[in-house]
Amino acid sequence: MHVDQEKGTQLSNILGYIGEELDIPEDVYQEVRRKYMDLGDWLKEDHLEHNQSDAEIYPQGSLRLGTAVRPVKEENEYDVDLVYRRDIQKESTTQEELKRDLEEQLKRYLRYLADGGSEVPELVPGRRCWTLDYKGQFHMDILPALPDDEAAEHNRRDAEDGIIIPDTELRCWQHSNPKGYANWFDNQQAVLLQERRDAMAKAANVDVEEIPRQRVPTPLRRAVQILKCHRDMYYQGNPKDRPISIIITTLAADAYRGESDVFEALMAITAGMRDGIKTHNDEYWVPNPINPKENFADKWREETQRAERFFEWLQQVETDFSSATKQAGLHKIADSLSPVLGVEIVGRAFKKYGSAMDKRQQDGQLRMAAKTGLLGTAGATVKPNTWYGE
Amino acid sequence: MPLAVQSAGLKRVFPDANITFNKHIELTWVGQLRPSPSSEGYTVKIAYRLGERPVVTVLSPDLRSRNGERLPHVFSGEKLCLYRARYGEWNSSMSLAGIIIPWTSLWLFYYEVWLATGEWCGSRQEHPGDGKDKEQDE
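Chains as they are written, first to last, in my numbering: chain A, 1 to 390; chain B, 391 to 528.
Among the hints, erroneous ones may be present.
Said to hold, decoys possible - Here are the computed lysine-lysine pairs in the DSS-like style, where the Cα-Cα straight-line distance is at most 27 Å:
{"hint": "1", "chain 1": "A", "residue 1": "K351", "chain 2": "A", "residue 2": "K73"}
{"hint": "2", "chain 1": "A", "residue 1": "K332", "chain 2": "A", "residue 2": "K371"}
{"hint": "3", "chain 1": "B", "residue 1": "K469", "chain 2": "A", "residue 2": "K371"}
{"hint": "4", "chain 1": "A", "residue 1": "K332", "chain 2": "B", "residue 2": "K469"}
{"hint": "5", "chain 1": "A", "residue 1": "K202", "chain 2": "A", "residue 2": "K240"}
{"hint": "6", "chain 1": "B", "residue 1": "K435", "chain 2": "A", "residue 2": "K383"}
{"hint": "7", "chain 1": "A", "residue 1": "K240", "chain 2": "A", "residue 2": "K299"}
{"hint": "8", "chain 1": "A", "residue 1": "K352", "chain 2": "A", "residue 2": "K73"}
{"hint": "9", "chain 1": "A", "residue 1": "K99", "chain 2": "A", "residue 2": "K35"}
{"hint": "10", "chain 1": "A", "residue 1": "K383", "chain 2": "B", "residue 2": "K469"}
{"hint": "11", "chain 1": "B", "residue 1": "K401", "chain 2": "A", "residue 2": "K371"}
{"hint": "12", "chain 1": "B", "residue 1": "K435", "chain 2": "B", "residue 2": "K413"}
{"hint": "13", "chain 1": "A", "residue 1": "K359", "chain 2": "B", "residue 2": "K522"}
{"hint": "14", "chain 1": "A", "residue 1": "K202", "chain 2": "A", "residue 2": "K326"}
{"hint": "15", "chain 1": "B", "residue 1": "K413", "chain 2": "A", "residue 2": "K359"}
{"hint": "16", "chain 1": "A", "residue 1": "K179", "chain 2": "A", "residue 2": "K99"}
{"hint": "17", "chain 1": "B", "residue 1": "K522", "chain 2": "A", "residue 2": "K351"}
{"hint": "18", "chain 1": "A", "residue 1": "K351", "chain 2": "A", "residue 2": "K332"}
{"hint": "19", "chain 1": "A", "residue 1": "K7", "chain 2": "A", "residue 2": "K44"}
{"hint": "20", "chain 1": "A", "residue 1": "K107", "chain 2": "A", "residue 2": "K135"}
{"hint": "21", "chain 1": "A", "residue 1": "K135", "chain 2": "A", "residue 2": "K35"}
{"hint": "22", "chain 1": "A", "residue 1": "K7", "chain 2": "A", "residue 2": "K352"}
{"hint": "23", "chain 1": "A", "residue 1": "K332", "chain 2": "B", "residue 2": "K435"}
{"hint": "24", "chain 1": "A", "residue 1": "K179", "chain 2": "A", "residue 2": "K90"}
{"hint": "25", "chain 1": "A", "residue 1": "K383", "chain 2": "B", "residue 2": "K522"}
{"hint": "26", "chain 1": "A", "residue 1": "K299", "chain 2": "A", "residue 2": "K326"}
{"hint": "27", "chain 1": "A", "residue 1": "K383", "chain 2": "B", "residue 2": "K413"}
{"hint": "28", "chain 1": "A", "residue 1": "K35", "chain 2": "A", "residue 2": "K7"}
{"hint": "29", "chain 1": "B", "residue 1": "K413", "chain 2": "A", "residue 2": "K7"}
{"hint": "30", "chain 1": "A", "residue 1": "K73", "chain 2": "A", "residue 2": "K240"}
{"hint": "31", "chain 1": "A", "residue 1": "K371", "chain 2": "B", "residue 2": "K435"}
{"hint": "32", "chain 1": "A", "residue 1": "K44", "chain 2": "A", "residue 2": "K179"}
{"hint": "33", "chain 1": "A", "residue 1": "K371", "chain 2": "A", "residue 2": "K326"}
{"hint": "34", "chain 1": "A", "residue 1": "K99", "chain 2": "A", "residue 2": "K73"}
{"hint": "35", "chain 1": "A", "residue 1": "K351", "chain 2": "B", "residue 2": "K469"}
Keep in mind that the hints were calculated from the coordinates and are not lab data.
Please read these numbers as outputs of a predicted model, since none were measured by experiment.
Use the sequences and the hints to build the structure in full.
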């Protein structure tokens with residue numbers, strides 16, 4: 001589908017603002033980071049004291065990838081997924097014991113927080129993890145993990161980061177590698193990620209290391225956020241059939257070919273996602289790029305309607321975004337995107353877009369082209385003025 | 391600035407637009423403006439009498455209102471209000487092509503964003519009755 005270059009660029013601009021609105025706000029992100037780093041430091045020391053070995057905490061999932069999407073409802077908290085890797089032998093423990101140990105450790109942590117006069121979150125059990133609930137802000141799911149001594153068998157790359165985690169029934173260990181997956185994801189967009197990260201560092205006058213990779217607004221990251229938002233809206237009445245985020249993220253990153261603007265990326269990804277779903281022996285496969293023996297779409301085998309819904313959803317994504325390009329008028333684009341991504345998000349994004357135009361005028365950077373009246377970087381400078389009348 | 395000079399300026403910037411004169415005292419310009427690649431194309435008319443405020447109206451499409459709200463920054467008869475005369479932002483020595491028309495395009499852009507959001511994103515805005523006017527603008 002051919003879209004006029006200028007229209008595509010403009011739509012990318014707008015989608016960029018939508019992506020900004022979907023992001024975890026900077027202040028929340030900093031708070032999350034502060035809290036999990038404090039937790040990590042404390043757990044490391046405590047673990048050394050009690051177990052004489054190393055431990056570390058690191059983010060996984062959408063927090064690490066930068067693909068988190070603001071909850072649909074204002075009052076819903078952000079989900080923060082953390083891995084707590086302890087350097088002990090799996091033979092020296094069981095999954096139940098791992099979970100119990102973590103509970104005790106976290107209780108000690110809460111006492112430490114209380115003694116220091118800090119905010120004390122609520123400790124909530126999960127099936128295989130424990131959750132620290134910072135009420136009204138976010139909750140941290142802490143998943144205990146051990147190093148994987150069979151990592152080479154289960155990881156095509158980054159085997160040193162391979163871990164084993166409890167499964168939901170606390171029976172078999174599951175092989176996982178969130179660090180490896182994140183590296184793979186970043187690799188799929190390596191060039192642009194580096195470029196934009198460097199540019200952000202330069203603009204902020206800081207070292208590149210100060211800019212977290214997951215906060216760099218790249219086309220791939222924005223496309224995944226927008227796809228997840230679209231999914232959230234589309235499956236609102238039918239949440240059980242939603243495609244899980246790892247499937248969307250994996251297919252999107254796999255289909256991404258370095259497109260440099262969000263709209264182009266979105267269109268290419270949506271077209272490519274369909275091809276990314278393989279079939280083996282009559283089953284749908286979305287292989288884990290780190291461990292291709294693992295099928296992210298394994299649930300589609302029993303619940304076949306999930307596969308059908310997924311293909312319908314993909315079709316709808318294409319329809320909705322190409323429809324946006326066919327609208328004449330920014331208000332019509334807003335009208336077409338509002339039911340798809342949410343009226344508040346779209347409204348806020350357009351306000352930012354409008355304000356950016358205003359800033360350019362105030363800064364003397366806005367011009368109007370001859371023949372068309374197009375506002376942009378060519379033509380006569382638009383002088384400052386005061387809007388009056390009713 | 392004589393009307394002939396205004397006209398030459400308008401012709402240079404918008405060669406396809408239509409300009410007519412009425413007895414050497416009034417110039418009428420009708421042209422097409424599209425403020426952004428995805429915006430609508432608007433047919434705009436500027437009626438300008440030497441020494442008076444240019445009257446800028448949108449011939450097509452019809453300007454819409456939003457949830458019954460009044461169109462922002464217009465005078466009665468849906469004449470676009472592009473500046474405050476009392477601040478000297480425009481006078482008859484200034485160019486229609488170089489100043490009034492860019493403001494018109496920007497008005498149309500903000501109009502579309504206003505339809506989408508309910509907000510006028512032009513930050514420098516004032517309204518009659520907000521305490522900033524003692525005399526009426528003409």
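What hints, given by number in increasing order, does this structure fail? 5, 14, 15, 19, 26, 27, 28, 29, 34
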